[in-house]
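Asks: Quick one: dock chain against chain with the hints and give me the complex.
Chain order of the listed sequences is Z and D.
First residue of the first sequence: 1, per the numbering used here; consecutive thereafter.
First residue of the second sequence: 1001, per the numbering used here; consecutive thereafter.
Mixed in with the good hints, there may be bad ones.
As the list claims (entries may be wrong) - Under the rule of at most 30 angstroms between Cα atoms (straight-line distance), these lysine-lysine pairs were calculated in the DSS-like manner:
id, chain 1, residue 1, chain 2, residue 2
1, D, K1083, Z, K374
2, Z, K226, D, K1175
3, Z, K248, D, K1175
4, Z, K268, Z, K282
5, Z, K209, Z, K226
What the hints assert, rightly or not - Every beta carbon over 12 angstroms from chain D, so not counted as near; a handful from chain Z, in silico:
id, residue
6, R107
7, R289
8, Q389
9, G390
Just so you know, the hints here were simulated from the structure itself, not pulled from any lab data.
Glycine is no exception: its CB is placed at the ideal position from the N, C-alpha and C atoms.
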Amino acid sequence: MNRSFKFILIICMLFAVIGASACIGEEKDGTAKDAGSRENSQELVVGISTDVSNWYLNMFAAGDSRFVWSQVYETLVRLDSDLNIIPGLAESWETPDEGKTWIFHLRENVTFHDGTPFDANSVVFSYSNHSYVRQAVLKPVQSVEALDAHTVKFVLEKPMPLPFYLTHIAWPVMGPGCLDEAGNFIKPIGTGPFKFETQAKDQEIVLTKNEAYWGEKPLLEKVTFKVIPEATTRVIALETGEVDMIVKVPEYDVLRLDAEEGIQVHRKLSTFTDFLQFNCDKSPFDDTRVRQSVAYTIDTETLVNEVLEGVGVPAGGRPYSPVMMYSDPDLETYTPDLDKAKALLEEAGWKDADGDGIAVKDGKPLHVTLIVSKGVWAARHNPIAQVVQGVLREVGMDVEIKVLDEGAISKLESTGDFDMILRSGYFVWGPYPKHFFVHHSASPYSHYHNENYDQLVNEADMTVDSQKQEELYHSLQTFVIEEVPAFYLVHEEKVVATGSSVKGYTISSEDPWLNLSGVYLERK
Amino acid sequence: MWKYIAKRLAMVSVVLMGVTLVAFSAMYLAPGDPAEVIALARYGEDLSVSQVETLREAEGLDAPVHVQYLIWLSHLLRLDLGKSLVTSEDVLAEIRQKLPATAELAVASLLISLLIALPAGILGALRKNTLLDKSCMFVSLVGVSIPNFWLGLLLIWLFALTLHLFPSFGYGSLKHLVLPALTLGTSMAAVTARLTRASLLEVMGQEYILAARARGFDENTILFRHALKNAFLPVVTFAGMQFGYLLGGAVIVETIFSWPGIGKLLVDSIFARDFSMVQGCVLFIAVLFSLSSLAVDILYAVLDPRIRYDRRD
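Okay, chain D solo, but in the shape it has when bound (with noise of 0.2 angstroms):
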């Protein structure tokens, strides 16, 4: 396992090689003078021409741009991710100061979702047909059309203004993390409820669910011992990649809830042509979703013991 492990790190190097050179050349892609953009951001709009020529010299955006994204790599393989454009603040700073909101958010968006996703999926599948199964797939078919931004007004409207239960916007306490994974945690868990059911009618569907029913077994060790597990395995893999989209910032819920995440930076920051901030959020981003998915590779086998990576090796 260690050995798999130590490969699929590597793997991941090369990876985010690729994205350090995708996220560098996207952003010179993008329309718009960066130097130009910044110094708007810096000095407002009565900049003049000289303004923007030394700011392009004195932030080094007049190297041709590999010569920038070499630079960057080596200021990179030191670990600085260097400073804001616009605001001149360490980049893994602002990034690190960020990571508490955004990990926090996650975590419980993906618990509420798997709580209400697991069970309505399990018992849609056993009652497979009935009201109960028809009413959960509703539910969940409105949970998956809703716009997360309007789901969001919408418990704001309810449980803030309405209920006075919890606070509409903020970040720093529980009760401030109640709306926001209460938006993203149920449109997530309408997917995975779906994926659930759907997963779990095939397994046991299956000639080995058959074979411990002749074998006398009971219905509910046959859907714990036997079904469940391998049911899992997609709503894994689904569960980790939304884990990673999580990491990498809800940024509507974000926004609305004025929740301090990495989402809203990155977007300000495109909008900013804050390249080293852009550069260090994608680059941060990416990280997050390699090792998310190393983990629900990890994960499977521990799920599934067909699935054994030592032996490959």
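So here's chain Z without its partners, still in its complex pose (with noise of 0.2 angstroms):
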């Protein structure tokens, strides 16, 4: 063969395999949609950051799985917009014994998604010990058995505000019809207001209405979620009319598309809260002197105006978000000293007596560690610590930041070698009481013991009671201000924003909902 004829010949079928991975294209091009073909339709168009990690309740539903899921399953009890707490697909609950046993009264004339009626044995079903959350959130659940067709009892080896857990959209009830005879999963099968339909791996999943949905009937024909992971991406997927919702807005984002036209930004204190944890076992955080004088250092509404654009709700050292239950109005939280910050310090020991800035006791400056997570909240929790680092350098601390991935940082924890870590508020899903528990000795991630702080937590934890529940939760937020464990600096505000065709769109405060009844579509 000629040598040229060969080159030639290459050349041909690199062409060739182009073209054909073009066609390949060119074919799903008319199932693609754009904006153009959506014109009058109800279906509407939502980006989510990650896809949904796995549909039964076996497994954790990770990241924005969540907003996923809490249109296709339900839960027993709802929070509405506020975080009030209302009936679900249970009408009623009631509790004889003070926490110990509580009894659910099921909604009737309700059915999943492939027709079968949901009743007691499909709560059972969802509760019972195959599911993750009786192994980790619910384990003081001893039995969950089916009294009738339509009621339904747990009996708990302790009192526990029950209800409150049961909101949590991870923890769903989902038909028996999700798994086959052999027991494998095979589809997502709830109540929800939508059905599952398709899932394109890592690209859209796609949800059809529910006809027969119980409640107040959706407006909308379809909602397609499309996984956009990077923020920057699916801001501009809403600007360009490719999608028509997006959830997780960028903090940076949020004030240039307020102003822009067409577009709304849907904003709503959440139950999230950015703290940084200390490590109370060494030194110099087992000094609570030294925890005080940096929570007398960082000024958390500069956090929020400066480096948040505004966005958020500065802390001040209050674990609670003001929008949840519990929420002590009249804490005194901490407002910036820096004289007292360096007083405190000195009393503490660490004194600058080099002149360099640094503050030094026994002969060692006060050289600090703060680990920050590479994850989800990395956009918001990096230049928070950049401040930090900043403003404790200003009292005498020298900080070092050390950004980790997840893996890394939880073996730090365990052996302990750290000094802070900024997190945001995990275990706060609605107004029940769990966050307190991150504090609690008997937490594998708590460095910090103190018997009493335990005592108050296992209290408030057993007590049903509203009423002294909100006097322990009081004492809590009080405790963890006077004593700091952690500091708590900035409560989130969850963004949502919407295309100009998006109409009856309703923000709730619980994250990692999306309510979606009463949204129509009102193309131009």
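Replies: Rendered as structure tokens:
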């Protein structure tokens, strides 16, 4: 074969491969939707940051899965957009013995997406031992049994405000039709306003209207969730009209989007709070005065205004976001006072002797590490960490920032080889007290040990009476302000942005919940 | 030639054995208890110690590393890459599902880069030190210096947001392919163009070109029949390596454009300590890399008559 002929042949083959791949693309073009072809349809396209990691209750629904879950699945008890507890799949509930037994009266005439009726057995199925929530969170639940077709009894080993727990969308009621006869998961079957249709991994999830929905019927015919991991791309996709709605809008885009014509930014205080967790097991943070000194140094108001462009609410040390139940409105939070901060440090023995700006005790300079995660909160946490580093230098604390992935952080946590970690308020989903366990001695994440605190948390967790609960939670908040096992920085605002055609959307405080009831499209 | 290919394939399998060993041990050397990280992903933050232990036992993570490695290898011989530790999905199926997107992007980017780089490099060499040459090289310098993510966002801003010509994200049609391929292709083109220019200049200065000139061939014949083929040798090597890199996945570009490729799958799996998925991806990428370098060697033989693999065997 002639050599130049071979060369030409190879070039031709290269083009053929490219042509073929282009054709594959062309074929799919018919199904690909852009803004133009959606005219007049009631198909809402939502940009989310991660794909649905799983659909079944044997695993945790991580990331943005829950925005999708909340359309397909429902819980026994719900929270309204202001976090008030309201009936869900259960119409009412009662506890005959101060919280050790809970009886739920279920809604009748509700059917799952596959047509099977929703009844007590499906609740037993969803909260049986194979669900991860029973193994992880609801460990005190001893048994779940059906009293009749529409009544379910939960028996606990200790009193607990169970209904609050059951509001969480990651622990919903699923239809037994999710599984085949061999017990393998086949498809998601819930009772929610939308039915699962298709999922293209890491691309999109399509849901269609559940015509037989028991509650207020959705106005949308179809909801397509597009997976767009990069926040900037998500924002642009909204601006180009490729999607109608995006969740998790980054703080630095809020003001700009708000000023844009046709785009609406919905903001609401959520239950998440960023905080600096101290390692109270070792020096220097084993001294309460040093922790208090940090609290007096960091101006959380500046943090919100300068770093987060006004999105969020300064916490000043308060663990509970003001939107949460039992958040103490009269709680005295920290206001910055550098002189006091320095005095507290000196009292604890840390003093700048050689004038280099770094405090020293027993010949050891005040050098601490601040660990920041590479995870989903990184966009907000990185600049916050830098500001914290900057201001703590002013009182003589030399902070080294370490950006690590979750695996590395959990390693350092278990070995106790850290000083501070910047976190977002995990465990805070509803108005229930879970978050205070973070600083409980028994928590694997806690590096704080205080018997009085443990006792308060235990008592609060087992109290069902709401007035007593409120008192206990108020005293816990005061405790955290005084003892500072962690310094709470910013209460997060949840931000959802919608295009001009989206009408009727109400944002809810609950972070991983997307309320599409009453939403419709008016395309021009 | 066939003998050579067979020999190379045998060598590739040795290399792959090494790759599996490195991939396996690297994940274990990374900080953090894998069982704990996987349990976190599966069960959320509320997990208990007993759950972590149950998972460790169930997934065989309690066995010594070399035992785990041997078990994995024995599965591999049956072409079984196992299931994802985090999502329980079949690793091979997952990779196979991501392959079309990755291949499409890699081929298109390579094509774009060659379409830009070859003419630019040749023109630069032929019109050495003119304004045209200098501006070509300046543009390519800018191209090398601009980070991919920045270029990607600029392209989105221009072509999606301002001109409404192409979608800003997603996968499925030729239109979706344009911006990510352009992002990757142009940054690669910058290096390739400089390489082409330098290589062609070197070849043009060699004696056999002078001899050809002396024999009275016109410049076009000299360029196309004598110079280009030799000048392309380093370019082919580079393009082949780039192709391997593209198949491995251009993570940042895949993330910006929500392109469901293997690169992003690999990075996500690393963060989730999803061992089986990471090992599967690494192995797969290594295979693709080895095959593309084999393809480059074969191309060499086509381009340069002095390289004859058969004779050496």
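Asks: It remains to establish, for every hint, whether it holds in the given structure.
Replies: Status of each hint after checking the structure:
Of the supplied pair hints, the one linking D/K1083 and Z/K374 holds, its CA atoms being roughly 26 angstroms apart against a limit of 30 angstroms. Among the hinted pairs, Z/K226 with D/K1175 is consistent with the structure: their alpha-carbon atoms are about 17 angstroms apart, no more than 30 angstroms. A hinted pair counts as satisfied when its Cα atoms are at most 30 angstroms apart, and Z/K248 with D/K1175 qualifies at roughly 27 angstroms. Straight-line distance between C-alpha atoms of Z/K268 and Z/K282 comes to about 38 angstroms, which puts the hinted pair past the 30 angstroms bound.
Note on Z/K209 and Z/K226: the hinted pairing holds, with a Cα-Cα distance of about 17 angstroms set against a maximum of 30 angstroms. For Z/R107, the shortest C-beta to C-beta distance to chain D comes to about 27 angstroms, beyond the 12 angstroms cut-off, and the non-interface label holds. With a cut of 12 angstroms on Cβ distances, Z/R289 stays outside the contact zone with chain D, its closest approach being about 30 angstroms. Every beta carbon of chain D lies more than 12 angstroms from that of Z/Q389, the smallest distance being close to 23 angstroms; the non-interface claim holds.
In this structure Z/G390 is separated from chain D by more than 12 angstroms, as the shortest Cβ-Cβ distance comes to about 26 angstroms.
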